[in-house]
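This is what each chain is made of:
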Amino acid sequence: MGSNTTEAHPIIANRIKKAAKSGLKVIVIDPRKIDMVKIAHRHLQINVGTDIALINSFIHVILKEGLYDPLFIEQFTLDFEKLEKRVELYTPEYAASITGLEAKDIVETAREYAGSSGSMIAYTLGITEHHCGVNNVFDIANLSLLTGNIGKQGTGIMPLRGQNNVQGAGDMGCLPNQLAGAMSLTNDEFRTRYEKEWNVVLNPQAGDTQTRTFDRLEMGELKALYIIGENPLLADVHMNHTKTLFEKLDLLIVQDIFLTETAKMADVVLPAKSWGEVEGTYTNTDRRIQRVRKAVEAHPNIKEDWEILCELSTLMGYPMHYNNSEEIWDEVRRIAWEMYGGISYERLENEYSIHYPCPDEKHPGTYIMHERFHQTEPLDKKSPFVPVDYTAPLELPDEEFPFMLTTGRRYESYNTHSQTRHYAAGVKIKQTEETVDIHPDDAKALGISDGEIVQVRSRRGELEVKAKITEQVVPGLVFMSFHWSETPTNVLTLNEYDPISGTAEYKACAVSISKIS
Amino acid sequence: MGEPNFVKTICGYCGTGCGLVLEVQDNKIMKIRGDKEAPVNKGQTCVKGAFAYEYVHAKNRLSSPLIKKAGKLVEATWDEAYRFIADNLSAIKTNWGSNAISMFACARSTNESNYITQKFMRTVINSNNIDGCNRT
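As they're listed, the protein sequences go chains Y and P.
Residue numbers for the first sequence follow our numbering, beginning at 1 and rising by one.
Residue numbers for the second sequence follow our numbering, beginning at 518 and rising by one.
Worth flagging that the hints you see were computed from the coordinates, not collected in a lab.
What you are looking at is a predicted structure, and each value in this text was computed from that prediction instead of being measured.
Treat the hints with care, since some could be wrong.
Listed next, the in silico DSS-like pairs over lysine-lysine satisfying Cα-Cα at most 30 Å (straight line) [what the hints assert, rightly or not]:
no.	chain 1	residue 1	chain 2	residue 2
1	Y	Lys25	P	Lys559
2	P	Lys586	Y	Lys264
3	P	Lys553	Y	Lys362
4	Y	Lys33	Y	Lys466
5	P	Lys525	Y	Lys428
6	Y	Lys25	P	Lys553
7	Y	Lys33	Y	Lys17
8	P	Lys553	P	Lys589
9	Y	Lys264	P	Lys585
10	Y	Lys428	P	Lys559
11	Y	Lys18	P	Lys525
12	Y	Lys303	P	Lys610
13	P	Lys610	Y	Lys264
14	Y	Lys303	P	Lys576
15	P	Lys576	Y	Lys243
16	P	Lys589	Y	Lys303
17	P	Lys576	Y	Lys381
18	P	Lys548	P	Lys559
19	Y	Lys428	P	Lys545
20	Y	Lys444	Y	Lys38
21	Y	Lys152	P	Lys559
22	P	Lys559	Y	Lys294
23	Y	Lys243	P	Lys586
24	Y	Lys17	P	Lys559
25	Y	Lys33	P	Lys589
26	P	Lys553	Y	Lys18
Now the stretches of chain P that chain Y is said to cover, found in silico as 3 or more residues with beta-carbon under 8 Å [to be verified]:
no.	segment
27	522-531
28	551-563
29	583-592
30	595-609
31	623-634
32	639-650
Simulated DEER-style distance windows between Cβ atoms [to be verified]:
no.	chain 1	residue 1	chain 2	residue 2	range
33	P	Lys553	Y	Arg334	31 to 37 Å
34	P	Lys586	Y	Ser184	40 to 46 Å
35	P	Ser581	Y	His321	20 to 26 Å
36	Y	Glu349	P	Pro521	20 to 26 Å
37	Y	Pro402	P	Asn522	54 to 60 Å
38	P	Ser581	Y	Gln431	31 to 37 Å
39	P	Lys553	Y	Lys196	40 to 46 Å
40	Y	Glu327	P	Ser607	37 to 43 Å
A virtual CB, placed ideally from N, CA and C, is assigned to each residue, including glycine.
Build out the structure end to end from the sequences listed, making use of the hints.
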């Protein structure tokens with residue numbers, strides 16, 4: 001669901017395609033006719049942002065046809081009645097009217113998902129980058145829990161992570177409410193554990209998310225921002241607004257490998273070592289810890305992220321000294337031993353990768369999570385369903401802005417493109433600039449030909465870009481990526497956020513497209 | 518030209534975690550292939566993992582701290598940059614409190630660097646205003 005796997009996670013796509021050849025049934029749920037559709041048994045080409053209507057309808061069908069195990073519900077779950085009540089409205093016909101699908105396809109898919117010996121849902125930002133992103137994820141969990149598709153091989157929910165170490169960065173405590181080892185900051189026991197190790201009194205108040213940071217910046221409450229290896233000016237929604245906010249800061253510190261668009265706005269820029277120049281570990285999308293190794297020596301005047309922070313910390317009165325990354329990792333292992341105690345560099349050298357949690361050296365690592373759902377003895381803590389309702393995207397097409405714009409990645413490029421600008425010589429790149437992908441019918445109606453430069457406008461900004469005529473999108477829907485600073489797509493996107501996660505609605509905003517006379 | 522050596526590592530792009538083998542010669546990455554022993558990709562790579570590595574050696578990599586003076590970023594020593602940051606952060610902390618300072622961590626950096634990043638924020642600044650690109 002909402003994963004253009006071939007382009008954003010090509011190797012995972014290869015493995016899914018291989019499995020499809022040996023009989024795996026793949027159902028693609030995506031507003032675009034993406035490459036994965038070629039190997040799919042069915043493509044549910046839903047309207048952008050209508051996922052909850054669809055999932056609630058799956059649940060409706062599964063309940064109505066009794067395609068679940070009442071004993072499992074009784075033993076392991078809570079609030080089943082609330083779920084029943086909430087999805088009552090979502091008949092296949094009603095969901096069809098919202099999603100643009102055929103009712104019979106919804107029914108068939110529900111039967112297949114519930115009826116197979118094991119079903120897994122893989123999703124990406126097509127699910128989360130909505131004002132209702134958290135509810136979308138809750139509903140996927142509802143569906144998976146209802147059918148017992150969790151906690152055993154070949155089942156579960158698989159969020160495909162977009163950055164090499166986005167999982168690890170959060171796990172290491174780079175979140176406003178969490179300490180390293182996924183320990184809640186508001187838990188006194190965990191906080192005390194860190195206070196003893198670090199010899200400080202910690203602030204017990206959860207901090208600000210990025211989204212909240214921008215809000216407080218707007219209110220004038222935030223004075224300094226320290227950004228490491230990120231280019232939010234180009235990557236975040238409503239770019240013109242982001243720029244104005246950054247101008248309000250008294251101090252902007254940027255630590256990066258390139259002078260990015262964000263770095264150019266900084267008061268001070270620190271040059272950091274990159275991938276290929278550092279030692280350490282990454283945590284991948286399925287919780288594998290793996291070793292990252294230095295291949296080349298960096299420029300002598302460049303320092304590693306942790307080295308910079310240790311030196312600055314020491315200067316500011318809290319001395320931090322480590323001789324190498326292994327010493328840091330061993331500190332993490334000591335404090336957050338439940339998760340990482342057994343994952344030494346030495347073991348990683350021999351075993352290649354280990355899945356956390358892995359509390360001690362003899363523990364093999366945890367390949368499958370949530371196996372408790374299949375044990376025979378009763379659980380101490382049952383899992384509640386969290387019923388949710390469908391809410392339409394916050395900005396729908398209208399007369400002035402008649403197209404829905406959805407955004408995502410393209411195969412050869414990565415995020416704001418500061419790295420993928422530099423391909424090895426001789427590699428033939430298919431897409432070297434941004435395009436607005438538009439359906440042939442819409443192009444025809446507007447009198448636009450393939451490759452023609454057009455104007456795209458939203459309530460927040462406008463830009464000029466080449467049109468690419470393709471049946472990958474449906475009429476009324478257009479697609480752009482955010483890879484090229486020459487065509488900053490995020491001047492168009494909408495600054496509306498999920499109230500819980502703070503994730504922005506990158507996947508849906510209204511735009512107009514016109515010829516340049 | 519020196520003899521090539523081979524270094525095993527993990528790809529730095531998406532979250533799949535593919536194992537790669539880097540062919541290195543004279544302090545330059547010359548070629549990348551998928552690591553057949555890697556459990557995730559078993560030797561496969563995508564176009565980014567195999568070919569989009571020249572950025573490491575790009576001429577426009579930052580190689581000196583920069584401080585903005587009269588609206589322009591100019592080269593500075595590490596000592597100057599550290600002093601500039603320490604003075605300004607301390608002043609902001611004293612005048613406005615630790616809640617006036619925020620940090621965005623890097624989802625591309627190692628676990629070890631990320632651990633130190635949040636440790637810096639929580640110990641030196643005494644603030645939990647730290648987040649990554651998880652939401653974007």
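How the hints compare with the structure:
no. : hint                             : in the structure
1   : Y/Lys25 to P/Lys559              : holds, 23 Å
2   : P/Lys586 to Y/Lys264             : holds, 13 Å
3   : P/Lys553 to Y/Lys362             : holds, 26 Å
4   : Y/Lys33 to Y/Lys466              : holds, 20 Å
5   : P/Lys525 to Y/Lys428             : holds, 26 Å
6   : Y/Lys25 to P/Lys553              : holds, 27 Å
7   : Y/Lys33 to Y/Lys17               : holds, 16 Å
8   : P/Lys553 to P/Lys589             : violated, 48 Å
9   : Y/Lys264 to P/Lys585             : holds, 9 Å
10  : Y/Lys428 to P/Lys559             : holds, 24 Å
11  : Y/Lys18 to P/Lys525              : holds, 26 Å
12  : Y/Lys303 to P/Lys610             : holds, 26 Å
13  : P/Lys610 to Y/Lys264             : holds, 24 Å
14  : Y/Lys303 to P/Lys576             : holds, 17 Å
15  : P/Lys576 to Y/Lys243             : holds, 27 Å
16  : P/Lys589 to Y/Lys303             : holds, 23 Å
17  : P/Lys576 to Y/Lys381             : violated, 56 Å
18  : P/Lys548 to P/Lys559             : holds, 18 Å
19  : Y/Lys428 to P/Lys545             : holds, 22 Å
20  : Y/Lys444 to Y/Lys38              : holds, 26 Å
21  : Y/Lys152 to P/Lys559             : holds, 23 Å
22  : P/Lys559 to Y/Lys294             : holds, 21 Å
23  : Y/Lys243 to P/Lys586             : holds, 20 Å
24  : Y/Lys17 to P/Lys559              : holds, 15 Å
25  : Y/Lys33 to P/Lys589              : violated, 47 Å
26  : P/Lys553 to Y/Lys18              : holds, 17 Å
27  : 522-531                          : holds (count 8)
28  : 551-563                          : holds (count 8)
29  : 583-592                          : holds (count 4)
30  : 595-609                          : holds (count 11)
31  : 623-634                          : holds (count 12)
32  : 639-650                          : holds (count 11)
33  : P/Lys553 to Y/Arg334: 31 to 37 Å : holds, 34 Å
34  : P/Lys586 to Y/Ser184: 40 to 46 Å : holds, 43 Å
35  : P/Ser581 to Y/His321: 20 to 26 Å : holds, 24 Å
36  : Y/Glu349 to P/Pro521: 20 to 26 Å : holds, 22 Å
37  : Y/Pro402 to P/Asn522: 54 to 60 Å : holds, 58 Å
38  : P/Ser581 to Y/Gln431: 31 to 37 Å : holds, 34 Å
39  : P/Lys553 to Y/Lys196: 40 to 46 Å : holds, 45 Å
40  : Y/Glu327 to P/Ser607: 37 to 43 Å : violated, 27 Å
Comparing the model with each earlier hint shows violations of hints 8, 17, 25, 40; every other hint is respected.
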